[in-house]
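Now for the letters of each chain:
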Amino acid sequence: MTSLRARMKRGSMAGLATVSASALLLTACGAAPEPGSTSSAGASDYTGCIVSDSGGFDDQSFNQSSYEGLKKAEKDLGIKVNQVESKTNNDFEPNLRAMVTAGCDLTVTVGFLLGDATKAQAAANPDSHFAIIDFGYETPISNVKPIIYDTAQAAFMAGYLAAGTTKTGTVATFGGIKIPTVTIFMDGYADGVKYYNEQKGKDVKLLGWNKDAQDGSFTGDFEKQDVGKQLTRNFLDQGADIVMPVAGPVGKGAGAALQEAKNSGKDVKLIWVDSDGFLTAPDYKEIMLSSVMKQMGEAVETVVKEDKDGKFSNTPYVGTLANDGVQLAPFHDFDSQVPADLKSELDQIKKDIVDGKLKVESDASPKA
Amino acid sequence: MSEQHPPKRPAGDEQGDTQPAKPHQPNLAAEETAAVVSVDTAGGAMGPSAVPASAQSGQLPGGPDTLLRKIFTGSGMVSVLAVFLALVIGGLLIASTDTRVASTASYFFARPTDFLTAVWNAATRSYIALFQGAVFNPRGNSVAAQFAPFMETLTIATPLITAGLGVALAFRAGLFNIGAQGQIIVAGILAAWVGFALHLPLGLHLLLVLVAGIVGGALWGGLVGVLKARTGAHEVILTIMFNYIALYFLRYLLNTPAFQRPGESNPISPILDPSAVYPQIFGSQYRLHLGFILAIGATVLVWWLLNRSTVGFEFRAVGANPKAAQTAGINVSRSTILVMAIAGGLAGMSGVAQVAGTEKVLTDGVAATYGFDAITVALLGRSTPWGTFAAGLLFGAFRAGAVQMQIQTGTPIDIVLVVQSLIVLFIAAPPLVRAVFGLNPRRKKPARAAKSTKAATTGGAA
Numbered sequence: 001m002t003s004l005r006a007r008m009k010r011g012s013m014a015g016l017a018t019v020s021a022s023a024l025l026l027t028a029c030g031a032a033p034e035p036g037s038t039s040s041a042g043a044s045d046y047t048g049c050i051v052s053d054s055g056g057f058d059d060q061s062f063n064q065s066s067y068e069g070l071k072k073a074e075k076d077l078g079i080k081v082n083q084v085e086s087k088t089n090n091d092f093e094p095n096l097r098a099m100v101t102a103g104c105d106l107t108v109t110v111g112f113l114l115g116d117a118t119k120a121q122a123a124a125n126p127d128s129h130f131a132i133i134d135f136g137y138e139t140p141i142s143n144v145k146p147i148i149y150d151t152a153q154a155a156f157m158a159g160y161l162a163a164g165t166t167k168t169g170t171v172a173t174f175g176g177i178k179i180p181t182v183t184i185f186m187d188g189y190a191d192g193v194k195y196y197n198e199q200k201g202k203d204v205k206l207l208g209w210n211k212d213a214q215d216g217s218f219t220g221d222f223e224k225q226d227v228g229k230q231l232t233r234n235f236l237d238q239g240a241d242i243v244m245p246v247a248g249p250v251g252k253g254a255g256a257a258l259q260e261a262k263n264s265g266k267d268v269k270l271i272w273v274d275s276d277g278f279l280t281a282p283d284y285k286e287i288m289l290s291s292v293m294k295q296m297g298e299a300v301e302t303v304v305k306e307d308k309d310g311k312f313s314n315t316p317y318v319g320t321l322a323n324d325g326v327q328l329a330p331f332h333d334f335d336s337q338v339p340a341d342l343k344s345e346l347d348q349i350k351k352d353i354v355d356g357k358l359k360v361e362s363d364a365s366p367k368a
Numbered sequence: 369m370s371e372q373h374p375p376k377r378p379a380g381d382e383q384g385d386t387q388p389a390k391p392h393q394p395n396l397a398a399e400e401t402a403a404v405v406s407v408d409t410a411g412g413a414m415g416p417s418a419v420p421a422s423a424q425s426g427q428l429p430g431g432p433d434t435l436l437r438k439i440f441t442g443s444g445m446v447s448v449l450a451v452f453l454a455l456v457i458g459g460l461l462i463a464s465t466d467t468r469v470a471s472t473a474s475y476f477f478a479r480p481t482d483f484l485t486a487v488w489n490a491a492t493r494s495y496i497a498l499f500q501g502a503v504f505n506p507r508g509n510s511v512a513a514q515f516a517p518f519m520e521t522l523t524i525a526t527p528l529i530t531a532g533l534g535v536a537l538a539f540r541a542g543l544f545n546i547g548a549q550g551q552i553i554v555a556g557i558l559a560a561w562v563g564f565a566l567h568l569p570l571g572l573h574l575l576l577v578l579v580a581g582i583v584g585g586a587l588w589g590g591l592v593g594v595l596k597a598r599t600g601a602h603e604v605i606l607t608i609m610f611n612y613i614a615l616y617f618l619r620y621l622l623n624t625p626a627f628q629r630p631g632e633s634n635p636i637s638p639i640l641d642p643s644a645v646y647p648q649i650f651g652s653q654y655r656l657h658l659g660f661i662l663a664i665g666a667t668v669l670v671w672w673l674l675n676r677s678t679v680g681f682e683f684r685a686v687g688a689n690p691k692a693a694q695t696a697g698i699n700v701s702r703s704t705i706l707v708m709a710i711a712g713g714l715a716g717m718s719g720v721a722q723v724a725g726t727e728k729v730l731t732d733g734v735a736a737t738y739g740f741d742a743i744t745v746a747l748l749g750r751s752t753p754w755g756t757f758a759a760g761l762l763f764g765a766f767r768a769g770a771v772q773m774q775i776q777t778g779t780p781i782d783i784v785l786v787v788q789s790l791i792v793l794f795i796a797a798p799p800l801v802r803a804v805f806g807l808n809p810r811r812k813k814p815a816r817a818a819k820s821t822k823a824a825t826t827g828g829a830a
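As they're listed, the protein sequences go chains U and P. Each residue of the first sequence is one higher than the last, beginning at 1 in the numbering used here. Each residue of the second sequence is one higher than the last, beginning at 369 in the numbering used here.
No lab work stands behind these hints: they were computed from the structure. Hints are supplied without guarantee of correctness; some may be wrong.
What the hints assert, rightly or not - Partner residues are not named here, just some residues of chain P that face chain U (Cβ under 10 Å, in silico):
1) 527
2) 570
3) 572
4) 575
5) 597
6) 641
7) 642
8) 702
9) 727
10) 799
Even glycine gets a Cβ: it sits at the ideal position worked out from N, Cα and C.
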């Protein structure tokens, strides 16, 4: 193996290294740091860990948000962080097991697919704590904290906003895969549109989701952006001018179709989901009316902080409008175009939902 | 696994050197070559390799004058170089993603040793983690924990071996079977349904799960065989499309209440009954389940089928030359259907290993990427039963080790997979390695150069 080292040395000198040679040359002239100036990550012994589902931490959806929350906790709380990405469903159990073995105090798992694996590891390791995103157990487990969201509340506001903003009297939505965490957006959106119609005596139509039948338009996965683009074009052809894609990265397909329509002179708008699209999908700033946000990063950070302070509980964290776990994002560039009346109506709706005067219900709502 | 590889080469090398180099038959396709060789030795000269511990040595038949033997003549050094090359390139890749390497690179000219040490540490740490995650972890706090990684390797290898055997068997009969993925899925659907929907006594239940899975895979594979035999449709197109049909059918099923948990609408099936799952061989501390024993059994069975049975002889004859086989009185259609059905049944065993062994539920990711990895496993194993078995173990070790590599070193999983693919690439393609080192004049040593030349002329089918 010494020859390996020699070879590597020679290799890098000769420019064989895959480390970008130009970058190396450009930046390689800095001064060496003083010996002994070690960079320790933090003072705490607490280790927070995260296991993704097969989407990976760059899925622009819940894996990414949760991961960013944990990374933020690393910075703010000075904890250690360990992460592992799953490539397939088969990786869940080994990954989780490895996390527990690696001495994680709290392990965050992302998504319902990890529900069984998390349950099994929680049972086998009663002293370790777990938190699972977007999934709740029928019977609570003493060392697992579910982090779930009543997304329908914020989506309701988005539906009302869309109905109050549309010029054509038609709005649309579509989903990635028909699972509760997706349909809850669509249910809330549908109810928001319906509520607007009731309040104003209007007849704004919704394409892509029928709440009563629990059926609508789906792209079939969270990957194929071109399918999202095609669906969105169909909606535009049917007269819709505001679309809310609930499909993670596939939302970019919708954004592309709407941007094309915008460029050809149509007045169309996009409602993003999960994060504030104005910031996370800046390509579509121009058409970004608002976003239905699930504050997963904040929730993860909060749960980590509680656990670190010895206040872990298995009571589900339910993100609502009341605790800002779900929110309607700011209008940003559209702020001046949203009428003041509509804004105050939205504020009133938010207040009513928080106070319980207005009930937003979905089959997929967290049962708590 | 690859670390164990080099010391074993000299043995094969020695044997090889005792054989005089014979004129070679040029440019046969790999699987045809294998089939021809096996037909040649079908009299009983072939035996399972004594050392199936590495992918390459696993398929060396016991008989003397085989073409494969000649291919590996003098390739001991090439194998060493292959692993070496993969380790170096992989190490550099790992280093390129390491934060410490990046920070020391910024003052490379001020103090180069920091940078080089960082590169060295990043690479070696990753390989040590890979080994500790796949074979033996000295940091475990008990003997059981220390051997846990090896058990994990065997667990992950189980579905790879059986699916790989299915692909390999079809290869030997001249069929390029891309359909293991679909066959695993269909088997998984049936096995899982029997597992969670029926409630039967212990023993009988598991048996029925196994039968349902194998029958499901065999039907899905056999259907391809029937279409190919009756209509002449190409099996590659058929199997690829059958994969899609199986996957989307599974997704449809998972959206129906019959395949969902009561009161939930997530696309995930109920958990299989305890009576329907494989018992764990060494207790609940390891995931290793009965399916691994069955995979060993399947390997023996396929070896016997190919090398000792009339049916297997017919498969190989059809694979070598269907027209000649037909002329010789072999029913090619029947062989095609039968081999695809058996291949499907073997892949079906992987489906059962998934739902009854490790996952215990049915999701749309039930087949993971095993169906496609199986193709690589079969090719790496040169389409021989024990070669496939060994290649399955190697892949299992890589997958098991990847977890530790990711956790201990923070190497992104994608880079881990890139490194592993490089290692497999170099192990599987000795001519590539020869070319790489042959082109590098600085590394030329007289003895090795001569050997390389000789090896290069004895055939590039490997």
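Going through the hints against the structure:
no. : hint : verdict
1   : 527  : 9 Å, holds
2   : 570  : 21 Å, violated
3   : 572  : 25 Å, violated
4   : 575  : 24 Å, violated
5   : 597  : 33 Å, violated
6   : 641  : 14 Å, violated
7   : 642  : 13 Å, violated
8   : 702  : 36 Å, violated
9   : 727  : 7 Å, holds
10  : 799  : 21 Å, violated
Hints 2, 3, 4, 5, 6, 7, 8, 10, counting from the list given before, are not met by this structure.
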